[in-house]
Every structure is written in structure tokens, then in C-alpha cells.
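Novice: Sequence:
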Amino acid sequence: MVDASRVPDLLRCTGLSPTNACCLKNGALAEAGEYQYTFEEFLSVYQATKYDSAPPNKDMFIQVFKSYDRESQGVLSAAQIRHILESFGERLTEEESDKILELMGCQQGNVKYEEFINAILEESESALSD
1 MVDASRVPDL LRCTGLSPTN ACCLKNGALA EAGEYQYTFE EFLSVYQATK YDSAPPNKDM
61 FIQVFKSYDR ESQGVLSAAQ IRHILESFGE RLTEEESDKI LELMGCQQGN VKYEEFINAI
121 LEESESALSD
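Under the UniProt record's numbering, think of the first position of the sequence shown as 1, with each following residue one higher.
It is possible that some hints are incorrect.
Stated by the list, open to error - In the DSS-like style, the derived pairs of lysine-lysine whose C-alpha atoms are separated by at most 25 Å in a straight line are:
#1 K99 with K58
#2 K99 with K66
#3 K25 with K66
Claimed, not checked - Listed next, with one range per pair, are the computed distances between beta-carbon atoms:
#4 G15 with E122: 13 to 23 Å
#5 L24 with N57: 20 to 30 Å
#6 E102 with N20: 22 to 32 Å
#7 N20 with L43: 17 to 27 Å
#8 D98 with L43: 19 to 29 Å
#9 E34 with E122: 32 to 42 Å
#10 Q36 with D98: 32 to 42 Å
#11 E122 with M1: 22 to 32 Å
#12 G109 with G33: 43 to 53 Å
#13 D3 with G109: 37 to 47 Å
#14 E123 with K66: 27 to 37 Å
For the record, the hints were derived by calculation from the structure and aren't laboratory data. As the structure is a prediction and not an experimental result, all values here were calculated from the model. Heads up, the beta-carbon is just placed ideally off N, CA and C, and yes, glycines get one too.
Let's have the full structure, built from the sequences with the hints guiding it.
Specialist: Put into C-alpha cells, the structure is as follows:
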């Protein structure tokens, strides 16, 4: 038996990248103890989620950032990047976006967004392999 509140974590362990909203739509529950899935029920949730969620990739991220790059120079201000991080997909809190910008060394000024995306993706791949 699997608690329905653990479904998002289990789906991500299988290699899917669903948003929390996608997980909730397909059967995950926010509160622990509300429902226990059997393995067969979890497989149904997995199948539904598999077809609902495309894994994010570099090109998807670049397209979002590029839509804010009015002069097509490959750079955005730290404020624009903060706005993107806090407004789209799995929205980050102000504190989370500040921490990311700080870790990437780009709290102020302009940021080459393709380099920023590459660094974030490399960092996330590194964290997953640890």
C-alpha cells in the first residue's frame, strides 16, 4: 500500500517529471492518510501521469526565457529571471529564487540565460546522481 500523499515522489522516482498540479489531477492527495493505493491502483496513476507530463528540457526553458528577451541578446536582468522563477511551472518562493540567484552568482545585473539554464540543469543532474 502507498499513501496517496507520496504519489508525487514515487512518480518522480520512476523518471517522470510531473508538476504537483498534474499529480493531484491524476490521483495524488495532499494530505497524508486520506487514501492508500494498491500497487495496481498506483500503476493506473502512473500511466495517466506518464501521458500528461513531458519532462522539461533545455529547449523548453530557453523558449520561456527567450520570450522575455526583447532585444534577442541572450541576456535578461536578474529581476526578469526572478519573475520567471516565481511565476511559471512549479512556482518558487521569493526566498527560493533569491537562493538560486545567489548560488549562481547573479543577484543583480544581467544574466546570460542560456548559461544560467545550463548551470541549473547540470546542478540538478549532479544532485540526482548523488
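Novice: Against this structure, judge whether each hint is valid.
Specialist: Right, here's what the structure says about each hint:
1. In summary, the hint linking K99 to K58 is supported, as the alpha carbons are separated by about 21 Å, within the 25 Å threshold.
2. For the hint pairing K99 with K66, the CA-to-CA distance comes to about 22 Å; that is within 25 Å, so the pair holds.
3. For the suggested pair K25 and K66, the alpha carbons sit about 30 Å apart, so the restraint of at most 25 Å is broken.
4. For G15 paired with E122, a C-beta distance near 18 Å keeps the hint of 13 to 23 Å intact.
5. Separation of L24 from N57 is about 23 Å and conforms to the stated range, judged on CB atoms against 20 to 30 Å.
6. One distance hint, 22 to 32 Å for the beta-carbon pair E102 and N20, holds here, with the actual separation near 25 Å.
7. N20 and L43 have their C-beta atoms about 20 Å apart, which keeps the hinted 17 to 27 Å range intact.
8. Roughly 40 Å separates the CB atoms of D98 and L43, a value that falls outside the hinted 19 to 29 Å.
9. Remark: the range hint 32 to 42 Å for E34 to E122 is upheld by a beta-carbon distance near 38 Å.
10. The hinted window of 32 to 42 Å between Q36 and D98 holds, with their beta carbons roughly 38 Å apart.
11. The beta-carbon spacing between E122 and M1, approximately 37 Å, falls outside the hinted interval of 22 to 32 Å.
12. Between G109 and G33 the beta carbons are some 48 Å apart, a value that agrees with the proposed interval 43 to 53 Å.
13. Checked against the hint of 37 to 47 Å, the pair D3 and G109 passes, with Cβ atoms roughly 45 Å apart.
14. With their beta carbons about 21 Å apart, E123 and K66 fall outside the hinted range of 27 to 37 Å.
In this structure, the hints that do not hold are numbers 3, 8, 11 and 14, in rising order.
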